[in-house]
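**Student:** What follows is each chain in one-letter form.
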Amino acid sequence: MGDILVITEHLKGEFQDITFEMLGRAKEMADSSGGQCVAVTFGSMNGKAGELGAADAVISVGGSDDFNPESYAAAVQSVVSAKSPSLVLVGSTSMGMDIANTVATTLDLPTVSYCADINTSGSGFSCTSSMYGGKMNAVTNLDGPAVAMVLAGAFNADAGRIPGSPTVENFSADSGAGKIRFKQLNEPESGDVDITQSEILVAVGRGIGNKDDIELAEELAEVLDADLACSRPLVDAGWMPKAHQVGKSGMKVKPKVYIALGISGAPEHIEGMKSSSTIIAINSDKNAPIFDVAHYGMTEDLFDVVEELVEELE
Amino acid sequence: MKIVVLLKKVPDLVEDLEVDASGKALDTDDIKFKLNEYDDHALEEAILLKESGAADEVVAMAVDGADVDKMLFTAIAKGADKAEKLIDGNPADSHQLGKAFANVLGSESYDLVFTGVQSVDDRDGQMGPILASYLNMPCVSVVSGVSVSDETAVVHKEYSGGMMGEFEVDLPAVLGIQAAKQAPRYAPVSKIRQVQETATIKEVSMGDLGSGAGSSVASMAPPEKGVSAEMLDDIEDLIDVLKEKGAL
Numbered sequence: 004m005g006d007i008l009v010i011t012e013h014l015k016g017e018f019q020d021i022t023f024e025m026l027g028r029a030k031e032m033a034d035s036s037g038g039q040c041v042a043v044t045f046g047s048m049n050g051k052a053g054e055l056g057a058a059d060a061v062i063s064v065g066g067s068d069d070f071n072p073e074s075y076a077a078a079v080q081s082v083v084s085a086k087s088p089s090l091v092l093v094g095s096t097s098m099g100m101d102i103a104n105t106v107a108t109t110l111d112l113p114t115v116s117y118c119a120d121i122n123t124s125g126s127g128f129s130c131t132s133s134m135y136g137g138k139m140n141a142v143t144n145l146d147g148p149a150v151a152m153v154l155a156g157a158f159n160a161d162a163g164r165i166p167g168s169p170t171v172e173n174f175s176a177d178s179g180a181g182k183i184r185f186k187q188l189n190e191p192e193s194g195d196v197d198i199t200q201s202e203i204l205v206a207v208g209r210g211i212g213n214k215d216d217i218e219l220a221e222e223l224a225e226v227l228d229a230d231l232a233c234s235r236p237l238v239d240a241g242w243m244p245k246a247h248q249v250g251k252s253g254m255k256v257k258p259k260v261y262i263a264l265g266i267s268g269a270p271e272h273i274e275g276m277k278s279s280s281t282i283i284a285i286n287s288d289k290n291a292p293i294f295d296v297a298h299y300g301m302t303e304d305l306f307d308v309v310e311e312l313v314e315e316l317e
Numbered sequence: 005m006k007i008v009v010l011l012k013k014v015p016d017l018v019e020d021l022e023v024d025a026s027g028k029a030l031d032t033d034d035i036k037f038k039l040n041e042y043d044d045h046a047l048e049e050a051i052l053l054k055e056s057g058a059a060d061e062v063v064a065m066a067v068d069g070a071d072v073d074k075m076l077f078t079a080i081a082k083g084a085d086k087a088e089k090l091i092d093g094n095p096a097d098s099h100q101l102g103k104a105f106a107n108v109l110g111s112e113s114y115d116l117v118f119t120g121v122q123s124v125d126d127r128d129g130q131m132g133p134i135l136a137s138y139l140n141m142p143c144v145s146v147v148s149g150v151s152v153s154d155e156t157a158v159v160h161k162e163y164s165g166g167m168m169g170e171f172e173v174d175l176p177a178v179l180g181i182q183a184a185k186q187a188p189r190y191a192p193v194s195k196i197r198q199v200q201e202t203a204t205i206k207e208v209s210m211g212d213l214g215s216g217a218g219s220s221v222a223s224m225a226p227p228e229k230g231v232s233a234e235m236l237d238d239i240e241d242l243i244d245v246l247k248e249k250g251a252l
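Quick note, the sequences are listed as chains A and B, same order. According to this note's numbering, the residues represented by the first sequence are 4 to 317, in order. According to this note's numbering, the residues represented by the second sequence are 5 to 252, in order.
Treat each hint with caution, since some may be false.
Subject to a maximum C-alpha distance of 25 angstroms in a straight line, what follows is the list of computed PhoX-like cross-link-like pairs (lysine-lysine) [stated by the list, open to error]:
(1) B:K229 to A:K277
(2) A:K186 to A:K245
(3) B:K38 to B:K206
(4) A:K214 to A:K245
(5) A:K289 to B:K229
(6) B:K6 to A:K182
(7) B:K247 to A:K257
Here are a few chain B residues that sit away from chain A, every Cβ distance over 12 angstroms (derived from the structure) [said to hold, decoys possible]:
(8) V14
(9) K54
(10) G83
(11) D85
(12) K89
(13) V121
(14) V144
(15) V147
(16) D154
(17) K195
(18) E207
(19) L242
(20) L252
Quick caveat, the hints were computed from the structure, so don't treat them as lab data. Built from N, CA and C at the ideal position, the CB exists for glycine as well.
Model the full assembly from the supplied sequences, consistent with the hints where possible.
**Tutor:** Below you can see the structure in the form of C-alpha cells.
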C-alpha cells in the first residue's frame, strides 16, 4: 500500500490537536500496511517538525503562515499529484473543508466526510462517517486513493504527539490564482464571561424552544452558582451571545459538571464539551446522541425537571 | 450585484431515523424533510445584502423534488426576486448535485453563489468547494459575515475558539455560509400563498450529472451505544448526583 498523507493544521504558530489526532492514527495504519506516514506543513511550521515525530517524513510546502483557502488547497493539490498517496487525511474543520473538497474534486478523488473512525481494510481503507447529526453511521470502503475528512476528537491526540526528527523535504508547491487574499486574524470578542474557566455550566440547546424560556435555565444556573452556556443554534437565532457558545466554532470547555438541557448532541457540540468531568443530559428524545457521551441522563421534559429542581434547591 | 442561493431539503432530525431495506441508506418513506438550516442562513445573508443596497438581485435555485415548489415560493416570500428549479435528473450525491448547479450556472451571469456550509447528509463532501472546483472559482467555507463591493467580497471565516479569518475574494465566487448576520426570517403563510399565485418558477434542465462521488455507502446503522448514560429516575437522584460531583 502507498503512503498516508496527513495535512497538518496550525493557528498562530501552533499545530492544532487535530494534527496529532490524525498523525497517531495515520502512523498506526501506515505501520500495519507497510506505507509511510507523511505530514504536510505550511509556512514556517517546518521549523516545528520536531513535534511531528509520529510522521516518517515531513513535506514542507512553505508559503504564508496564514491560512488561505485557495493557496493552501493548491499547495496540497500539487503534493498529492506528485506523491500519489493511498490516503489523504484532512481535518473535518473550517480549514480542512476548503482544502479537502477542492483537492479531491479537482483531482477526481473520492471524499469521505465526518470520519469518526478509519481502519485499513484489505488493500484499502474503511471509513465510518457520523451523519445526520450523529444519529447514523455510514461505512465507506475505499479501494483506491481518496481524501478522508477526520472529525476532531475521533482519535487520541497523545498517540500522535511524539517528538522526533522526521526528514523534511522542501516541496515547491503551487500557490493558486491569487483570487483570495488573507487580510487579518480577528480574535473573539470578549464576552461577559469566560466559560472555559467555569466550574459548573448549565448549557441550553434547541430543545429550550423559545428565547423567553432561557430564563428558566438562568434560574438554575443561579442556584447552582453556575455559568450559562449554549449550543450553536441559540447563537445563530440571536438568543445568546457568541461568548457563551460551546462546540466546534465556539469554546472548548471542561467544567466539573456540565448540565445539557435540550441539547441533542450533534458532533459539532460534543467536540466542545466531551472533556467535562461529569456530563448530565436532560432531553425528552431518548435516542438523542448526547446520551452516548453523558454520564447521567433524564428523558423527562426539561421544563418539568428544571422547575422542580430549582424549587427543591431554593 | 446578483447573488444565487442554492437550497436543498434534508431529513428533519427530530424524526426517528431508520435504515432502509438495503441497509445502506436512510429510510425516507415516512420522515419529514426541511430546508437545510445552513441554506436558510445563506438565503438570509443574501436577502440582507439586498436590503442594505449592496446587492440588486437574489435568485433561489434548487433541484426538483417533493415540496420544492413550496420551498422556492417561500424563498420569494422572504425576499428572493426569482426562483429556478433544475429538472430532468436525480442527483445522487453532493458531486452530482454540484455538477447540476455548475451546468446551469455555467450559462448564467452572477457575482456570488451562496450555499449552506454543510448538510447532515453530505457524506461525499460539501457543496460550496465542490461547486467552486467545477466552476473554477474561488470559494471560502464556514463564512459568517459578508460585505461586498463591485469586484470583491470581504468575508469572515470562522475557526475554532471564536477566532475568525478575514479574506478578500475576487468575484465571481462561491461562499459556504455558516450563519447570517441575523436569524433567518419567517415568511407568513398568507404571503407564501400570495406568492404562489403570482410568481413563477423558471425550470431549467440540469444536464449531464457526471459519475458522482466515486465512493458509495457499504452499510449504514445507528451508532452502537457505547458507555451510555446512567438514567436517573427522579429529581432526588439528580440532586444526589449534583452533590456527589460537587455542583452543590
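**Student:** Hint by hint, say whether it matches the structure.
**Tutor:** Evaluated hints:
1. Restraint check for B:K229 and A:K277: the C-alpha separation of about 16 angstroms stays at or below 25 angstroms, so the hint holds.
2. Our distance criterion of 25 angstroms between C-alpha atoms is met by A:K186 and A:K245, whose separation comes to about 22 angstroms.
3. Distance restraint check for B:K38 and B:K206: the Cα-Cα separation of roughly 22 angstroms lies within the 25 angstroms cut-off, and the hinted pair is therefore satisfied.
4. As the CA atoms of A:K214 and A:K245 are separated by approximately 15 angstroms, the hinted pair is consistent with the 25 angstroms bound.
5. Restraint check for A:K289 and B:K229: satisfied, since their Cα atoms lie roughly 12 angstroms apart, inside the 25 angstroms limit.
6. About 19 angstroms separates the Cα atoms of B:K6 and A:K182, which keeps this hinted pair within 25 angstroms; it holds.
7. This hinted pair checks out: B:K247 and A:K257 have alpha carbons roughly 18 angstroms apart, not beyond 25 angstroms.
8. B:V14, annotated as away from the interface, has a beta carbon of chain A within 12 angstroms; the closest lies near 9 angstroms.
9. Every CB of chain A is more than 12 angstroms from the CB of B:K54 (nearest about 20 angstroms), matching its label as outside the interface.
10. Chain A leaves B:G83 outside its interface by the beta-carbon criterion, the shortest separation being 18 angstroms against a cut-off of 12 angstroms.
11. Residue placement check: B:D85 keeps its beta carbon more than 12 angstroms from all beta carbons of chain A (closest about 25 angstroms).
12. Every C-beta of chain A lies more than 12 angstroms from that of B:K89, the closest at about 24 angstroms, which supports listing it as non-interface.
13. At roughly 7 angstroms from the closest C-beta of chain A, the C-beta of B:V121 falls inside 12 angstroms, breaking its exclusion from the interface.
14. At the 12 angstroms boundary, the C-beta of B:V144 falls inside the reach of chain A, the nearest C-beta of that chain being 5 angstroms off.
15. Its closest Cβ contact with chain A, about 10 angstroms, brings B:V147 to no more than 12 angstroms, contrary to its assignment away from the interface.
16. In this structure B:D154 is separated from chain A by more than 12 angstroms, as the shortest Cβ-Cβ distance comes to about 15 angstroms.
17. Consistency note on B:K195: stated as away from chain A, and its beta-carbon is indeed over 12 angstroms from all of that chain's, at 21 angstroms minimum.
18. Listed as a non-interface residue, B:E207 keeps its Cβ farther than 12 angstroms from every Cβ of chain A; the least gap is roughly 27 angstroms.
19. Its beta-carbon lying about 6 angstroms from the closest one in chain A, B:L242 breaks the requirement of being farther than 12 angstroms from that chain.
20. Annotated as non-interface, B:L252 brings its C-beta within 12 angstroms of a C-beta of chain A; the closest such distance is 7 angstroms.
When each numbered hint is compared with the structure, violations occur for hints 8, 13, 14, 15, 19, 20.
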